[in-house]
Structures are given as C-alpha cells and as structure tokens.
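Produce the complete structure using the sequences and hints provided.
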Amino acid sequence: MSNHIDIEKHLTARGVKPTSTRILVYRALAEHRHARSLRELDDELDTVDRSTIFRTLTLLLEHHLIHAIEDGTGVAKYELCEGHDHCSPDDQHIHFYCRVCQRTFCFHTIHIPTIQLPEGFTMEGLNYLVKGVCPNCAEEL
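The numbering used here puts the first residue of the sequence shown at 1, with every later residue one more than the last.
What the hints contain is simulated information worked out from the structure, not anything from laboratory work. Keep in mind that a hint or two might mislead.
As the list claims (entries may be wrong) - In silico lysine to any residue, SDA-like type, Cα no more than 20 Å apart, as pairs:
| hint | residue 1 | residue 2 |
| --- | --- | --- |
| 1 | LYS9 | GLU62 |
| 2 | LYS9 | ILE23 |
| 3 | LYS131 | GLN116 |
| 4 | LYS17 | HIS67 |
| 5 | LYS9 | GLU44 |
In structure tokens form, the structure reads like this:
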C-alpha cells in the first residue's frame with residue numbers, strides 16, 4: 001500500500017487527516033519488512049523535522065494504525081499493523097530481533113500462546129521477543 005492514493009484513503013477511513021507528512025511516514029513504514037525506529041525514519045525523511053515525525057507516530061499509534069515494539073535495545077520501533085489494518089489488543093504476535101543487523105521483524109502468523117497468570121495478577125501487555133540472526137545476515141556470516 002505504498003500508493004499515495006491508497007494511503008490517503010486508508011488514513012481517512014481510520015479518522016486521520018492525510019497530510020503530506022503523515023503519508024510520508026506511513027509510506028516509509030509500509031516500504032520495509034522490518035520495524036523502524038524514530039532515528040531511522042528521521043534519517044530517511046530528511047525533509048521532515050524529527051519532532052513532527054514523532055508526533056505523527058504518536059497519532060498513528062493512537063488510531064491503532066501502527067504498533068510500537070520494545071525489542072530490548074532501549075529504542076522503540078514502529079511497524080504497521082497486520083495487513084495495514086487496525087491493530088487489535090488480540091493481535092498478539094512474536095517479534096524477532098536480529099543481533100547482527102539490529103532489525104526487528106514482526107511475525108504476524110506466529111501467535112503467542114495463551115498465558116494463565118496466578119490469581120491476583122492482571123495482564124496489561126505482553127511482549128514476546130525472539131533474538132537471533134535473520135536469514136540475510138546468516139548468509140553473510
């Protein structure tokens with residue numbers, strides 16, 4: 001969905017006004033197979049101010065168009081929701097962090113098993129992260 005018109009329609013359908021900056025940020029996320037950090041987006045979108053990119057990411061998060069990933073690096077990474085659709089709290093999937101290229105990938109088809117917590121504990125979030133080497137980096141090793 002990197003087509004400008006498709007992105008514009010998608011943002012509008014989700015209640016987000018499709019400004020040129022929002023379309024640029026959304027397209028930058030859509031064009032990569034891995035999650036992107038604010039810094040990566042800032043480096044790529046050199047015509048857009050870093051704080052504007054951050055505000056755009058925050059807006060896309062609020063409208064459940066993207067999700068944030070904590071991969072243990074201390075830097076949040078962002079990726080479009082599965083199928084470029086609405087993120088759902090039920091969309092529990094595995095993330096993979098490559099220790100070589102330091103990219104984080106979402107595996108939407110591998111779901112996290114249901115976890116039963118002891119009585120009195122309430123789950124508010126879940127992050128399932130696998131660390132290792134991605135196929136591209138494995139070929140170079």
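Each hint tested on the structure:
1. LYS9 to GLU62: 18 Å, holds
2. LYS9 to ILE23: Holds, at roughly 10 Å.
3. LYS131 to GLN116: This hinted pair is violated, its Cα atoms lying about 24 Å apart.
4. LYS17 to HIS67: Given that 20 Å is the threshold and the Cα spacing comes to 19 Å, the pair holds.
5. LYS9 to GLU44: 24 Å, violated
Of the hints listed earlier, those the structure fails to meet are numbers 3 and 5, in rising order.
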